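Protein chains: 2
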Amino acid sequence: MNSKPTILITNDDGITAPGIRALANAMKHFGDIVIVAPDSPQSGMGHAITINKPLRLDKVTLPDGLEGYQCSGTPVDCVKLAVNKILHRKPDLCVSGINHGSNSSINVIYSGTMSAAMEGAIEGIPSIGFSLCNYALDADFEAAALFAQTIVWQVLQHGMPNNTLLNVNIPDLKLDAINGIKICRQAKAKWVEEFDERQDPSKRKYYWLTGKFENFDHGQDTDEWALANGYVSVVPVQFDFTAHHAMAALNSMNWDVPNV
Amino acid sequence: MNSKPTILITNDDGITAPGIRALANAMKHFGDIVIVAPDSPQSGMGHAITINKPLRLDKVTLPDGLEGYQCSGTPVDCVKLAVNKILHRKPDLCVSGINHGSNSSINVIYSGTMSAAMEGAIEGIPSIGFSLCNYALDADFEAAALFAQTIVWQVLQHGMPNNTLLNVNIPDLKLDAINGIKICRQAKAKWVEEFDERQDPSKRKYYWLTGKFENFDHGQDTDEWALANGYVSVVPVQFDFTAHHAMAALNSMNWDVPNV
Chain A
18 MNSKPTILIT NDDGITAPGI RALANAMKHF GDIVIVAPDS PQSGMGHAIT
68 INKPLRLDKV TLPDGLEGYQ CSGTPVDCVK LAVNKILHRK PDLCVSGINH
118 GSNSSINVIY SGTMSAAMEG AIEGIPSIGF SLCNYALDAD FEAAALFAQT
168 IVWQVLQHGM PNNTLLNVNI PDLKLDAING IKICRQAKAK WVEEFDERQD
218 PSKRKYYWLT GKFENFDHGQ DTDEWALANG YVSVVPVQFD FTAHHAMAAL
268 NSMNWDVPNV
Chain B
18 MNSKPTILIT NDDGITAPGI RALANAMKHF GDIVIVAPDS PQSGMGHAIT
68 INKPLRLDKV TLPDGLEGYQ CSGTPVDCVK LAVNKILHRK PDLCVSGINH
118 GSNSSINVIY SGTMSAAMEG AIEGIPSIGF SLCNYALDAD FEAAALFAQT
168 IVWQVLQHGM PNNTLLNVNI PDLKLDAING IKICRQAKAK WVEEFDERQD
218 PSKRKYYWLT GKFENFDHGQ DTDEWALANG YVSVVPVQFD FTAHHAMAAL
268 NSMNWDVPNV
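Chains as they are written, first to last, in the numbering used here: chain A, 18 to 277; chain B, 18 to 277.
Don't read these hints as lab results, they were simulated from the structure.
Nothing here was measured: the structure is a model prediction, and the numbers come from that model.
Any given hint could turn out to be false.
Identical copies go unnamed one by one, so any copy, or any two together, can satisfy a pair.
[Unchecked claim] Result set (DSSO-like, lysine-lysine): computed pairs, CA atoms no more than 30 Å apart in a straight line:
| id | residue 1 | residue 2 |
| --- | --- | --- |
| 1 | K76 | K45 |
| 2 | K70 | K222 |
| 3 | K220 | K21 |
| 4 | K207 | K21 |
| 5 | K70 | K21 |
| 6 | K191 | K102 |
| 7 | K102 | K205 |
| 8 | K76 | K220 |
| 9 | K207 | K191 |
| 10 | K205 | K191 |
| 11 | K191 | K220 |
| 12 | K205 | K76 |
| 13 | K45 | K70 |
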């Protein structure tokens, strides 16, 4: 890449989250950054898009002087609006995060951070989601930002494999306690829900979604293993969801419609 | 399966949509049905979950006398709540739809209907999403309902391949004009966005997300090809998003962190 790359920066924790400022400041060295992020927290929004109400897009200045745009929609809306209404072309790179909290294994499905990166990849933009395994607002992003730079540098040099984005998770450790970067597969894991049932002042029931993360994958090639062993996990992610392994079994079933 | 199966029914168009009633009435013959669906339209919600506000769940009676539960959350929330707070166990089958409008190819990512089915599959429940290629509220669901019965009957007899759900799309044709059922892969396609820019009465700009669907996949084994040629498309879908094809290229890059 000869000219200065344009780097789109978004997240799902909202434009005021410290994580996106850490990412923006880490990316400044590589090119021209454009920040477009939700105007409110959008964690758990998955690949939601806003189709039943209109979207707002406003210029804002962040606490450290960075300029950006806040959008009333979801992380995926931010990427679509950035490409179509701010940049008027595809950026050279789309980075999302740094998320406050892990997006490893099955969380890739629920995560607005990763869905924004996936939307970038669908648009044909090399895209990466970054998440730090610490949910705190005042988490220390120093090591995460350095690993983001390392990974982005490689992607800017070598490009991204076709139809692929990266899901990068950084363990909540000081830089010198991190063992390095590992390319991994998504661990087989899920959330076991436990709804917290309460009563409002009018005695009507309501529920808070809570849950326990359960990893039932013992492979040493997974993102969960990497994170538990002090590595930064990098999972290549695709957006062709076809379960090719299931084709043969399905083709062997009888799909004739009965006469009615 | 010897005893009467329990069938969870949900959707993303909301509990008042005609499509979910068509599906519920089609499923009654196979077992005990339980309807849990959003209390408002949730199209395009993808795999969103509700974590920043509490959820409501209320019993309702539908126009044709069917009983169900309406939930204030997303389609994925509905599945989680149904399993945890209504059924208190996994149902034998989870069906989602019949969606008013296609969920073929890349739409699987944005669709609340398909995300509900995916959540069922993550929970280990055989799960299927059904969509009719007609967005109208008064669409004719007769052929779609019959194909839903055909497909569910096969799945109840033979089970579902591991870690797989089905994305079923039915062309908007009369029954005798449909050529049959085809097992397909997800077509490579995307939406080309065109934001409709307007001014509100206070002269502030706002945007409506619109777009044009673009299929750039010429394969005859795709869901788009099947639908265009009068077939019901059945795509097996997985929730391990790892891009295994990209592993080698990524492993060949240099992931050392520079000394700083």
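Status of the hints after comparison with the structure:
1. K76 / K45: For K76 and K45, the Cα distance is within 30 Å only inside one copy (19 Å; across copies 53 Å).
2. K70 / K222: Intra 29 Å, inter 13 Å, cutoff 30 Å: intra and inter.
3. K220 / K21: For K220 and K21, the Cα distance exceeds 30 Å both inside one copy (60 Å) and across copies (36 Å).
4. K207 / K21: between (41 Å within a copy, 28 Å between copies)
5. K70 / K21: Close neither inside one copy (36 Å) nor across copies (42 Å); limit 30 Å.
6. K191 / K102: Neither: 39 Å inside a chain and 41 Å across chains, both beyond 30 Å.
7. K102 / K205: The answer is between: 25 Å across copies meets 30 Å, while 38 Å in one copy does not.
8. K76 / K220: For K76 and K220, only the inter-copy Cα distance (16 Å) is at most 30 Å; the intra-copy one is 43 Å.
9. K207 / K191: within (28 Å within a copy, 41 Å between copies)
10. K205 / K191: within (27 Å within a copy, 42 Å between copies)
11. K191 / K220: neither (47 Å within a copy, 49 Å between copies)
12. K205 / K76: neither (41 Å within a copy, 35 Å between copies)
13. K45 / K70: Classified as neither; 34 Å inside a copy, 35 Å across copies.
Checked against the numbered hints given earlier, the structure breaks hints 3, 5, 6, 11, 12 and 13 and satisfies all the rest.
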